[in-house]
Amino acid sequence: MTAGFGSGDGRPAGADPDGVGVPTPRTGWAAPPAAGQWGNPPAPPSGGAYPQPSAPPFATPSYPAQPGHPAQPGYPAQPGWPGAAPPPAPGKKRRRWPALLATLLVVALAAVVGVQAYQLDHLGDRLADTDRRLAQAQDGDGTRLDGLEKRAEALEKQAGAAFNPEAVASAVLPSVFRVRAGQFTGTAFAVGKPAAGGGTNLFTNFHVVEAVWNGGGRQVFLERTDQRFPATIVKVDKTNDVAHLRTTGKFTGLVTAPAAVKSGQQIVVVGAPLGLEDSVTTGVVSALRSASGSSGPAIQFDAPINPGNSGGPVINGSKQVVGIATAKARDAEGIGLAVPIKVACDGFKIC
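In our numbering, the protein residues as written are 1 to 351.
By construction, these hints were calculated from the structure, which means they are not laboratory data. Any given hint could be a false lead.
DSS-like mimics (lysine-lysine), calculated; alpha carbons at most 27 Å apart, straight line [as the list claims (entries may be wrong)]:
(1) Lys262 / Lys150
(2) Lys193 / Lys150
(3) Lys328 / Lys250
(4) Lys193 / Lys250
(5) Lys150 / Lys235
(6) Lys328 / Lys262
Produce the complete structure using the sequences and hints provided.
Structure representation (structure tokens):
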């Protein structure tokens, strides 16, 4: 063996003969390992080769350790910062993400709620504006409807003022009767308010009940369809050819016209010519004349009448009695006469 590679006991030079190194006292950080312990083996001498080991072929040759360097003194430990919090654990950083996410969700929800509140408020304003416009439109429509209603009422009044024989006949027929006085037949009609003590007052011509009256009788009969009602002759006016009858039956009295008729006014005559009850004819007032032997004027009209019409009502277009049909010209057609209703009402005070 070449000198310098080891001692006689096979330990590297400078090694502890007991095989145990003396520990270096630690004052701080541990000293780095000796360079000889971790260094590479020395290069072989130039021009020479390593001696061949006599150990087994698979044994690893041992190299002598380099002499160690003295240990470097360690640095003292750094003192901690007083009052400083320990560094956070790595896991605490991850816990911040849920809180941040929750905050973002709250902010987003608040934004959505705010937008919806604004939209609802804006929608409420639009609805209020729509209601206001609708109310204005309804007010306008109401004004127009009021105008239309007034026009309709005016048209109805005009239509009512128009002559309608059918409507007139329908209104007065229930109050008109065929009257039988002995052998004579004529017409009578209910008039005015109910009679004192009940019953109904009626007018007819005196010449219809003349035979019964002159014979001392006072009872006549009113007929309508299949019904017959007894009536009493209360009073007569021979001069004006009017008689007042009364019956215990209750019937609607016809309304009398407050004003006198005029020439050209349209009329309806209802009676029982030749005993044919509920006969209706129409015409116009031809003139107002004074009949011979009469205390007042007579109404001349052109509506056809015949025997049996005597005592029947002459009605205007307003369904009011203007006269009592009394006679017709013997040798001419279209000439009839009626007693003005005012004459009868003034004489008997029952209208």
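Query raised in the report: Taking each numbered hint in turn, which are not upheld by the structure, reported in ascending numerical order?
Result: Numbers 1, 2, 3, 5, in rising order.
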